[in-house]
Amino acid sequence: MDELFPAELKSRLDQIGEADIIVGIPSYNNARTIGHVVRAVSVGLAKYFPAQRSVIMNSDGGSRDKTQEVVMQAEGGADDLLLVSHPVHASYRISTPYHGIPGKGSAFRAIFAVADYLHAKACVVVDSDLRSITPAWVELLARPVLEHGYDYIAPYYQRHKYDGTITNGIIYPMTRTLYGKSVRQPIGGEFGFSGSLARRYLEKDVWDTDVARFGIDIWMTVTAIAEGFRVGQAYLGAKIHDAKDPGADLTSMFRQVVGSFFSLMEIYENVWKKVTSHEAVPMFGFPFEVGVEPLSVNTDRMVHAAQQGISDLREIYSAFLSPKTLADLTSFVHRNGQGFHLPDELWVQMIYEAATAYRYRRIDRDHLLQSLVPLYLGRTASFVLEVTESNATQVEERIEKLGQVFEAEKPYLTQQWDAAGKERLHAQPV
Amino acid sequence: MRSLFDRMFVEPFNRLADQSAHVVPVLIMVLVTLIIGGFLAFVARFLTYRLLQLAQFDRLVQRTGFSSMIDRTGVFRSPADLGARFVQALVWLFTVLFALNAADTPASVELVRRFVDYIPNLIAAGLVLLLGVAVSRMISRSALLAAVNAQWPAARMIAGGVRVLVMTLAIVIALEQLHIGSLPLLVAFAIVFAGIVFALALAFGLGARDMARQWLEAKVRTSVAEEEVFRHL
Numbered sequence: 001m002d003e004l005f006p007a008e009l010k011s012r013l014d015q016i017g018e019a020d021i022i023v024g025i026p027s028y029n030n031a032r033t034i035g036h037v038v039r040a041v042s043v044g045l046a047k048y049f050p051a052q053r054s055v056i057m058n059s060d061g062g063s064r065d066k067t068q069e070v071v072m073q074a075e076g077g078a079d080d081l082l083l084v085s086h087p088v089h090a091s092y093r094i095s096t097p098y099h100g101i102p103g104k105g106s107a108f109r110a111i112f113a114v115a116d117y118l119h120a121k122a123c124v125v126v127d128s129d130l131r132s133i134t135p136a137w138v139e140l141l142a143r144p145v146l147e148h149g150y151d152y153i154a155p156y157y158q159r160h161k162y163d164g165t166i167t168n169g170i171i172y173p174m175t176r177t178l179y180g181k182s183v184r185q186p187i188g189g190e191f192g193f194s195g196s197l198a199r200r201y202l203e204k205d206v207w208d209t210d211v212a213r214f215g216i217d218i219w220m221t222v223t224a225i226a227e228g229f230r231v232g233q234a235y236l237g238a239k240i241h242d243a244k245d246p247g248a249d250l251t252s253m254f255r256q257v258v259g260s261f262f263s264l265m266e267i268y269e270n271v272w273k274k275v276t277s278h279e280a281v282p283m284f285g286f287p288f289e290v291g292v293e294p295l296s297v298n299t300d301r302m303v304h305a306a307q308q309g310i311s312d313l314r315e316i317y318s319a320f321l322s323p324k325t326l327a328d329l330t331s332f333v334h335r336n337g338q339g340f341h342l343p344d345e346l347w348v349q350m351i352y353e354a355a356t357a358y359r360y361r362r363i364d365r366d367h368l369l370q371s372l373v374p375l376y377l378g379r380t381a382s383f384v385l386e387v388t389e390s391n392a393t394q395v396e397e398r399i400e401k402l403g404q405v406f407e408a409e410k411p412y413l414t415q416q417w418d419a420a421g422k423e424r425l426h427a428q429p430v
Numbered sequence: 001m002r003s004l005f006d007r008m009f010v011e012p013f014n015r016l017a018d019q020s021a022h023v024v025p026v027l028i029m030v031l032v033t034l035i036i037g038g039f040l041a042f043v044a045r046f047l048t049y050r051l052l053q054l055a056q057f058d059r060l061v062q063r064t065g066f067s068s069m070i071d072r073t074g075v076f077r078s079p080a081d082l083g084a085r086f087v088q089a090l091v092w093l094f095t096v097l098f099a100l101n102a103a104d105t106p107a108s109v110e111l112v113r114r115f116v117d118y119i120p121n122l123i124a125a126g127l128v129l130l131l132g133v134a135v136s137r138m139i140s141r142s143a144l145l146a147a148v149n150a151q152w153p154a155a156r157m158i159a160g161g162v163r164v165l166v167m168t169l170a171i172v173i174a175l176e177q178l179h180i181g182s183l184p185l186l187v188a189f190a191i192v193f194a195g196i197v198f199a200l201a202l203a204f205g206l207g208a209r210d211m212a213r214q215w216l217e218a219k220v221r222t223s224v225a226e227e228e229v230f231r232h233l
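As given, the protein sequences belong to chains A and B, one line each in that order. Read in order, the letters of the first sequence correspond to residues 1 to 430 in my numbering. Read in order, the letters of the second sequence correspond to residues 1 to 233 in my numbering.
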């Protein structure tokens, strides 16, 4: 653990001694927005948890735009207009560079370690580029842990119907299908969790994998569900990010998130195979309607990406997709314009076949994940074209329908998975 | 008269008989060695093929992607067939070496000695080629995926070019291991490689100057614009 703490940080932690709540903010060149986030968190801690000892920890990836200075100088915590009573304990503030692979996961690991060191009862993590965060987010994410015995609180946002397509098209319906909990934003970015869960995370040896990068969110969610921790959700309103998101390249993001999810399927095979249905997850907070920022999507570009993928990557697809799935994909993907459509059943079968191939290494894993990107763009274009005229409720119903298809096709996944396992067993050299 | 007859016919015949007495057994031994070796090679091929089939070698190789390459050669029926024929060729090689050694003539002994000295080079060249095939396949696939995900129209051509380049490099290194025209080959490769890079640089920088500028501008613009409008997570 010592390698995670520079001497300066360790002496600062020793000074602090113990804390009830840790709020972690990972950052990398977020000087423009992190001041607002720190201020919102400070006010949230002072307003909702005045009697608790709290620490705001900025885990920084080597920013060169004075992010750390902004964190330490941001005002907050004693705003008379917001506070009914003044806090008994002022919140401590730490800004420290993390060690390990550059990425969000490594930043979180440092936060888990600090939470463990200070024997924190509850931890909250929030992104540093949030523009829509309010002090209430801290309460919504921490109180269920501190007062209601929950171990993991996932966020629940209102998002634009085109936003979060990896979440809507793959991660949410698959998490629900495989692990039986309907966590709507499993890779939301803002979470609350207990000190014991933070310790459990620290015990895992995953910090040299994609979990150290964008895979951290889904890894935290699935680990919490699969290992039987008590999971809830908190309604946070709208999620609005800063426009600039350094390093957010689609292929890398997709590879890290989906790759981490597929790896978890291997680890928790015995868990997801037993799950036959899903259940709702308790929701904290008061749901209200919010306006979301308008988004425009270039579907032609996405359709073209899918068509090029099907043409140029045929050899790679044939290594892990069944001939029928590949033939169907080819036939659907080559339809142009408004007529472009990728049926849910085909999409789900394709994902399940890819997950099986990933598990049994039918092809280099990195290549498999990268080859899925054009198909994902095709699926996204299909979804966007389908819901162009739909309102938020209709879009939710549409995502719900996709979830049902994932569930209905689960026997296909199990059958593919088991057949591949047997095949590999028989293929062992005599 | 008698001595003339002896000198003309009997002595040469006796000499021939003496020489034959030395050579014929050796020839017979070489022939027998080759026949037995050939039979053993055939048996080794048969047994290896059966063993590889039992071990489902074809299916294992199919997963690595080498199967299609073997099919494309049109010489071997399957990866197991390739393996079996390789073992047969090895047995044949050792049989020939054994036969040459058995001949025990200065020329054959020298040939065997030279060949044995050459074996490490052969192994090194074979390994370099194998590695070249695997690496070229891996790198060209990575290039193909990167190009497709960047939506470059000539993705397959780029991947093919990368593959040819890596394989050429592997062949040059392998030939150098075999001491076959090493320096001229190396120079030729360097000239061709530098030529390709120079030609591409000229084509991109001069011939397609406007396109290059537009592409770079578009690249910078779209990456920011896409982040502004669309979030995948």
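These are calculated hints, taken from the structure and not from any lab test. A portion of the hints provided could be inaccurate.
As the list claims (entries may be wrong) - Reference listing, derived: stretches of chain B covered by chain A, where coverage requires no fewer than 3 residues with Cβ under 8 Å from a Cβ of chain A:
#, segment
1, 40-48
2, 202-212
What the hints assert, rightly or not - Computed far set for chain A versus chain B, every beta-carbon distance over 12 Å:
#, residue
3, A31
4, G189
5, E279
6, I316
What the hints assert, rightly or not - Label pairs and their in silico Cβ distance ranges:
#, chain 1, residue 1, chain 2, residue 2, range
7, A, N391, B, L202, 54 to 62 Å
8, B, D71, A, A238, 26 to 34 Å
9, A, S318, B, A194, 48 to 56 Å
10, A, K422, B, P184, 38 to 46 Å
11, A, A419, B, G38, 43 to 51 Å
12, B, M157, A, Q415, 38 to 46 Å
13, A, N298, B, L202, 53 to 61 Å
The beta-carbon is built from N, C-alpha and C at its ideal position, and this holds for glycine as well.
Structure-based check of all given hints:
1. 40-48: It is violated, with 0 qualifying residues against the three required.
2. 202-212: violated (count 0)
3. A31: Holds, since 18 Å exceeds 12 Å.
4. G189: 7 Å, violated
5. E279: 25 Å, holds
6. I316: Violated, because the least Cβ-Cβ distance between A:I316 and chain B comes to about 7 Å, which does not exceed 12 Å.
7. A:N391 / B:L202: 54 to 62 Å: 55 Å, holds
8. B:D71 / A:A238: 26 to 34 Å: 56 Å, violated
9. A:S318 / B:A194: 48 to 56 Å: 37 Å, violated
10. A:K422 / B:P184: 38 to 46 Å: 54 Å, violated
11. A:A419 / B:G38: 43 to 51 Å: Roughly 44 Å apart at Cβ, these two residues keep to the hinted range, so it holds.
12. B:M157 / A:Q415: 38 to 46 Å: Roughly 39 Å apart at Cβ, these two residues keep to the hinted range, so it holds.
13. A:N298 / B:L202: 53 to 61 Å: About 33 Å separates the Cβ atoms of A:N298 and B:L202, which means 53 to 61 Å is violated.
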